Every structure is written in structure tokens, then in C-alpha cells.
Amino acid sequence: MAYAYLFKYIIIGDTGVGKSCLLLQFTDKRFQPVHDLTIGVEFGARMITIDGKQIKLQIWDTAGQESFRSITRSYYRGAAGALLVYDITRRDTFNHLTTWLEDARQHSNSNMVIMLIGNKSDLESRREVKKEEGEAFAREHGLIFMETSAKTASNVEEAFINTAKEIYEKIQEGVFDINNEANGIKIGPQHATTNSTLSGSQGGQQAGGGCC
Amino acid sequence: SKKASSFHEFARSTNDAWDIDDEEDEDFLAPIHPSSLPPTLLSTHQVPPLPPQQPINTTIEPDTGPGPADRLAPPTAEVRLQHEEANGRVVVKSSSEAQLNTNTVRSTLQKQQSLPVRPIIPLVARISDQNSSGAPIMTVRDKSRLDKFKYLLSCPNTDLEELRKHSWSGIPREVRPITWRLLSGYLPVNMERRDLVLKRKRDEYFGFIEQYYHSRTDETYKDTYRQSSGPTPPSMLTHPVFERILFIWAIRHPASGYVQGINDLVTPFFVVFLSEFVEEDVENFDVASLPLDTQRNIEADSFWCMTKLLDGIQDNYTFAQPGIQNKVKALEELVSRIDEDIHNYFKRYEVEYLQFAFRWMNNLLMRELPLRCTIRLWDTYQAEQEGFSHFHLYVCAAFLIEWRKEILSMVDFQGLLMLLQNLPTIHWGNEEVGLLLAEAYRLKYMFADAPNHYKR
Numbered sequence: 001m002a003y004a005y006l007f008k009y010i011i012i013g014d015t016g017v018g019k020s021c022l023l024l025q026f027t028d029k030r031f032q033p034v035h036d037l038t039i040g041v042e043f044g045a046r047m048i049t050i051d052g053k054q055i056k057l058q059i060w061d062t063a064g065q066e067s068f069r070s071i072t073r074s075y076y077r078g079a080a081g082a083l084l085v086y087d088i089t090r091r092d093t094f095n096h097l098t099t100w101l102e103d104a105r106q107h108s109n110s111n112m113v114i115m116l117i118g119n120k121s122d123l124e125s126r127r128e129v130k131k132e133e134g135e136a137f138a139r140e141h142g143l144i145f146m147e148t149s150a151k152t153a154s155n156v157e158e159a160f161i162n163t164a165k166e167i168y169e170k171i172q173e174g175v176f177d178i179n180n181e182a183n184g185i186k187i188g189p190q191h192a193t194t195n196s197t198l199s200g201s202q203g204g205q206q207a208g209g210g211c212c
Numbered sequence: 001s002k003k004a005s006s007f008h009e010f011a012r013s014t015n016d017a018w019d020i021d022d023e024e025d026e027d028f029l030a031p032i033h034p035s036s037l038p039p040t041l042l043s044t045h046q047v048p049p050l051p052p053q054q055p056i057n058t059t060i061e062p063d064t065g066p067g068p069a070d071r072l073a074p075p076t077a078e079v080r081l082q083h084e085e086a087n088g089r090v091v092v093k094s095s096s097e098a099q100l101n102t103n104t105v106r107s108t109l110q111k112q113q114s115l116p117v118r119p120i121i122p123l124v125a126r127i128s129d130q131n132s133s134g135a136p137i138m139t140v141r142d143k144s145r146l147d148k149f150k151y152l153l154s155c156p157n158t159d160l161e162e163l164r165k166h167s168w169s170g171i172p173r174e175v176r177p178i179t180w181r182l183l184s185g186y187l188p189v190n191m192e193r194r195d196l197v198l199k200r201k202r203d204e205y206f207g208f209i210e211q212y213y214h215s216r217t218d219e220t221y222k223d224t225y226r227q228s229s230g231p232t233p234p235s236m237l238t239h240p241v242f243e244r245i246l247f248i249w250a251i252r253h254p255a256s257g258y259v260q261g262i263n264d265l266v267t268p269f270f271v272v273f274l275s276e277f278v279e280e281d282v283e284n285f286d287v288a289s290l291p292l293d294t295q296r297n298i299e300a301d302s303f304w305c306m307t308k309l310l311d312g313i314q315d316n317y318t319f320a321q322p323g324i325q326n327k328v329k330a331l332e333e334l335v336s337r338i339d340e341d342i343h344n345y346f347k348r349y350e351v352e353y354l355q356f357a358f359r360w361m362n363n364l365l366m367r368e369l370p371l372r373c374t375i376r377l378w379d380t381y382q383a384e385q386e387g388f389s390h391f392h393l394y395v396c397a398a399f400l401i402e403w404r405k406e407i408l409s410m411v412d413f414q415g416l417l418m419l420l421q422n423l424p425t426i427h428w429g430n431e432e433v434g435l436l437l438a439e440a441y442r443l444k445y446m447f448a449d450a451p452n453h454y455k456r
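If you're matching them up, the sequences are chains A and B in order.
Quick note, in our numbering, the first sequence goes up one by one and the last residue is 212.
Quick note, in our numbering, the second sequence goes up one by one and the last residue is 456.
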């Protein structure tokens, strides 16, 4: 399928905070309460529309476990966006955010957009981390912030899409060098033919199938 | 072509290699080709294999019957097993029942197959008996195979080499638990020592529990415990048995600690040892309804067999997992030798082997195959020398090549990754695993002892 841009994401955070569930909810619109623990990294993808443009998101969902860190680190490089996830019902997952952030900043490109996500907002009765705390942490470190529920799908679309909007704006501002693929952004085959005629965009679609 | 020449080369050089192993070949022999061809050649899809359970035409299979000694040997192994667990309910499921169950499972699964991201495979399908591909009736050949196992198991000293040889092509369900205990080196070959050793090892394990388990919530071990219990694993794995086994293993192997994936490796042992006592599907079975002694024995045996397995692949789970990194590299190297098209295709679309094969190595393909297939695979891994640590590499290569057509039909990175992460094996049974293993054996034969082939 043709697209204007391709953005690469990485999802990080402690084990059990709901990274895989967020991805599944976003790509498949379903929730799987019981699932296998992620081993290494897993891949997902979906197309979204921003500003009338088709944007392909390719997402690496990483295992939260410390022992896999040497594998997962290599996926920071080449990511344009990161979702940093904690669990609002587990204080320790919030406490570990600083470590995750240091890791991300150290191994990614400096323009990477980071979205902080407090997941499991449906479990209000078991909440251990106030929404204000999440907001404060995000403000302090220059991140975007949202609370989500992979279970009810609340804010899941928004989390992925707002991250993409932020990346898109940075592209418009010329912050990202879109010709350097190491930034996690790729120009789609359609983009090159935006100004051409209808037949031109059809050609773009075909090319989109065969290349990327 | 290159392939054909290596095929003939292989056929020539292995013509005599099969005389010793004729037993193991039967799964792949087509009726019109008696044992003059190595089975691995037949498995390369040049000759369609028999439907697996079709009764064999005995006129062309002179070797399949048991020898006179086997015929005379009383099937004592089974009796002994029953005796050993006098309190347990030892039930052998009737084959017709098994067939019925399997059919239900298969139709459920077919519906699920269309789900794109890692569908939940119902446990029932993952662990139900391996006869998903047929076998309503025990064939003459099955019977004679079983008799051979029973004979070997009833000898005062079980001949491990013989047992390995026969196990390579799959262990009959009835004798799998005891055969696994023997092949893993947990149970002594000497019949007289078995009860004593089992008792001692089981006591030893529960000694560890007494010594350490109460400390699981201590500061030192908290992480180990939290991680081995995991956040939301499938229902059976939340069973305290799994937590205990993994915790004790982690405590006794501080260099490895606990790596996600190890928990998967307990399951086949647990399910196989449980199958001795469970009539219905293991998924719906409440382990707590078994006599306490039986529960404890299953737990201790699973612990020790898993420990033996992990001893052989320890560098998979030490810091930075060097064993896995090396095996993924070796896989890449091997695939570049045996299938340039796939290798170049991956290069062209920037697919890295680590992106899909890490999990293959870390979880021994357990995430890629239904549990019944893993159990069958492990029959062979335990029969092979260095099955888990070395032969697995060739199985992975064969597994990758199995999807050649699908791989080469993908048109982008995304398609390739989605395919490689969700390979449609949900319907797989014994035949598919048998073919996979035969191909892996062929690869191992060609490359393992020929470093010049293997290295660039």
C-alpha cells in the first residue's frame, strides 16, 4: 500500500506494563488478557492518516525483562518515536522510568519523539501512581504524556497517532533529516509523485507494493 | 543444478549409513520405495510420503516386525510404571476418543488461523496428544515399535544407545515419560537402582524448596521470584509448581538467573509426566486433584529434567546471551550456504536473522510450534547427542527453508517480518515434524562435519 511516510517506533518499559497489549489493541483492535511473555522483540505495523497523508507505522515491541536489554537496545537506533510505558497500578514501574529514559536517550537519535504512557487506566481502584505524577514527569523531561487502557482501548489510538503527529510536525519544521534512514523515517514512494497526475499516483501505489 | 548434485552426492555417500538405523526410517518410506533410499531424501518432497498412519504393506517391510526376543519379552515396563505410582490414576486414552478430541481442536484452530498477531492457541491444542494427523488405530508397526521400547525398558540395564536409536523417530506416548527420564540422564539405566535414585532426587528437590522457597520474597531474591512468576502468563503457568521449579533453578544457577523463555521449557516435561496420570485434556485438568505424592513426583521430575536440559545450553541464558547470539550467527552462515535465494532476499529487504531467529533459539522453537510438535521434537533432541545445543541449529535452518515459497512471495520488510513471526504451523503434527527432522539431519550430515562447506 502506498504511503507518504514510514515512521519506526519502539515500545519500551518494565515487564508486564502492557506493551504487547497496547500494540495488539492498536494493530488488531483487540485485547488479549492472557498472552505469552515477549521474547526479544516483536514486530507490528499499521497505516494511519495525518493531515490527509497516509503514514505507515512500523513498531518494535520489546521485552521488558532486563536480561533481554542487550538485544532490545539495538532497536532504539533507527526509531523516530518511542512509547515509554508504565503501569499505573505498580509504583515500581513508574520509579524505573528514569533508567528507561537514560537508556533511550543514550542509544537513540536525539530527535526521537518520546511519548510517556501510564497504562491500565481502567484499573482505577488499584491505582498507585497519580495522573499528575505522570504529567509532572513528562513535563520535567520534555515528553508527551497520556494515560491509556489497552483493555478498553481508551486513548490507545491517540497515543500512537499523537506521537506520529509530533514526528510529522518536526518533519515540517525541518528538524528531522528525512533522507537519513537512521532517524527512523522513510519517504514513501507516493510522496515523490504527489504533484503528478492520477496515473502517477497509481504508479506510486504499485511501487509501494514492491519497495520498502 | 547445485541442489540436484548435492542430492546425488548425499545419496551416494549415505547409501550404507542407513543399515543400522532402518527402524527410524519407516515414517518416511513410501511403499514403492523400500529401504534402499535414505529417508531424508524422500523427505525433500521429491516422493510424497505416505499418509502417516496408513497400515503398512508388510510384504515390503521385512524389518518392521520385532525380533523373536522382543516378542517373548513381557511388557513389564508399563506394569512397573503403574506400580510405581500405585496411587495415581493410570489411564490410557482410547484412540477413538483421541481422534474425536483432535477433530474439535482442529476446527477451532482453523478459525483462529486468520488472526494476524500471535493468536492465543488454546492450551488444549498445544498439549493434546500428538496424533493430530491421524492414527485412529494402532498399526502393526506402531505395535511393534511399542514392543521394542517395552523390551528395552524392561531389561535389567537399559541399553541407552538402542533407546536413543529408537527414540529418534518418535517415542510412543505410553512409554514417553520413562523414556524421557532415561534419555535426559535423570533415571539410571540400571533397573534396580531406579526407585532409589528417584526417591533420593525427589527428596533432594523438596529439600531445596524447604531451604530456599520461603526466601522468595526476601530482598535478594525478590526480582528472581517476581520475574519467574511473571505478570500474566497462561493459566497453567501460574500454577505454584512452575513458580517453584523456576525459582529453585534460578537460585541454583546464579550466573544465568532467570530469562524469560526458560519458563516455556518446563512445560513439555510437566505435560509429559502429567500425561501418565491424566485421562482428559491436560488443560482442563486440576493438578491438585492428584494424590499429593504424585503431584510432588511430577514436579521434582520436571525440575531435574529441565535442569539437565539447561545444563547443555547454559550460555543461552547467561549475561547478554552469547549462546543465542552465536547460534543466530551460525544459522545465518548456514542459510547463506544452503539457500542463497532466501539469504539474499533477507539482505535485499534488510531483514536481520536476529529479528526472527532470536526467539527460535531462546525458546527452542516452542513459540513457533504447537506443543504436541515440541514434545515430538524433543523425543529426537533427547535421542541426538547435543540435540538441544547443536542439532537445533539444523532444525531451525530446515524450518526456515520449509517456508521458502512463502518467504520469496513477500514483497517488503513488513510482510517478511509478519510472516516470520507468525508462521502457520497450527495444524502441524507428527508428519510435519518428522519431515523437518529428516531435512535437519540431512543438513547436519552435509555441513556439521564439513567445516569447509560451513565456513566461508
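Take the hints with a grain of salt, since some may be wrong.
Once the Cα atoms are required to be at most 30 Å apart in a straight line, the calculated BS3-like pairs of lysine-lysine come out as [stated by the list, open to error]:
(1) K165(B) / K405(B)
(2) K186(A) / K329(B)
(3) K131(A) / K29(A)
(4) K186(A) / K405(B)
(5) K347(B) / K186(A)
(6) K405(B) / K444(B)
(7) K347(B) / K199(B)
(8) K151(A) / K130(A)
(9) K170(A) / K53(A)
Now the stretches of chain A that chain B is said to cover, found in silico as 3 or more residues with beta-carbon under 8 Å [unchecked claim]:
(10) 30–43
(11) 57–70
Calculated from the structure, these hints are not laboratory results.
All values reported here derive from a predicted model rather than from experimental measurement.
For each residue, glycine too, the CB sits at the ideal point set by N, CA and C.
* Could you check the structure against the hints above and give me the numbers of any it violates, in ascending order? => The structure breaks hints 1, 7; every other hint is satisfied.
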